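**Q** As numbered in our numbering, residues 822 to 966 make up the sequence shown, in order.
These aren't lab readings, by the way, just hints derived from the structure by calculation. Treat the hints loosely; a few may be bogus.
[To be verified] Cut-off 27 Å, straight-line C-alpha distance, at most; resulting in silico cross-link-like pairs (DSSO-like, lysine-lysine):
#: 1; residue 1: Lys902; residue 2: Lys866
#: 2; residue 1: Lys902; residue 2: Lys872
#: 3; residue 1: Lys866; residue 2: Lys852
#: 4; residue 1: Lys844; residue 2: Lys915
#: 5; residue 1: Lys902; residue 2: Lys844
#: 6; residue 1: Lys852; residue 2: Lys915
[To be verified] Pair by pair, the computed Cβ-Cβ distance ranges are:
#: 7; residue 1: Ala939; residue 2: Asp865; range: 24 to 32 Å
#: 8; residue 1: Asn855; residue 2: Met928; range: 30 to 38 Å
#: 9; residue 1: Asp876; residue 2: Ala939; range: 21 to 29 Å
Note that the structure is a prediction, hence the values are computed from the model and not measured. C-beta atoms are modelled at their ideal positions from N, C-alpha and C, and glycine is treated no differently.
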Amino acid sequence: MGKYNITEKKEKDAAYRTLVSPKLMDELQEKILNVILIQKKYKDKNYSARKLAEDLGTNTRYISAVVNVKFHMNYTSFVNKYRIDEAMALLVDKRYRNLNMEEISDMVGFSNRQSFYASFYRINGTTPREYKLRHLRGIRNRGEK
């Protein structure tokens, strides 16, 4: 071990994940998708895992377990994925061309521009502005207007 006393980080399973039965896990997965995706609650800046748990009559540990196991990410990343997907569509849509990044960020549910940019970059490896410009250049190169 040397002088820095470095130990390897062990992957640990959260104990509560095993408390959720596979049947309940599947039911909650469907309900979570319904609320977040179909009802578009991802657009609500204030819609937390706690609020989702209340709406589904369960607790945040179960919500967290299902999102982790079924979607392989935490709740915030899960919600931000849908926000970024919608932002990508808005950024290249002619109808929204005049909106600035703060307006797009607000429309899809981010509470500030910094978290929007950070999430967008984490998912796409580029900034929202670069994404939009690249798309616009692609349209021009194909001769469309």
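**Q** Compare the structure with each hint and give your call.
**A** Here's how the hints hold up against the structure:
1. For the proposed pair Lys902 and Lys866, the alpha carbon gap of about 14 Å is at most 27 Å, so the pair holds.
2. The hinted pair formed by Lys902 and Lys872 meets the criterion: a straight-line CA distance of about 19 Å does not exceed 27 Å.
3. Of the supplied pair hints, the one linking Lys866 and Lys852 holds, its CA atoms being roughly 20 Å apart against a limit of 27 Å.
4. About 44 Å separates the Cα atoms of Lys844 and Lys915, which puts this hinted pair outside 27 Å; it is violated.
5. Between Lys902 and Lys844 the CA atoms are separated by roughly 25 Å; this keeps the pair inside 27 Å, and the hint holds.
6. In summary, the hint linking Lys852 to Lys915 is not supported, as the alpha carbons are separated by about 33 Å, beyond the 27 Å threshold.
7. At about 19 Å, the CB distance of Ala939 to Asp865 disagrees with the hint of 24 to 32 Å.
8. Taking 30 to 38 Å as the suggested C-beta distance range, the pair Asn855 and Met928 does not conform, at roughly 22 Å.
9. For Asp876 and Ala939, the Cβ-Cβ distance of about 27 Å falls inside the hinted range of 21 to 29 Å, so the restraint holds.
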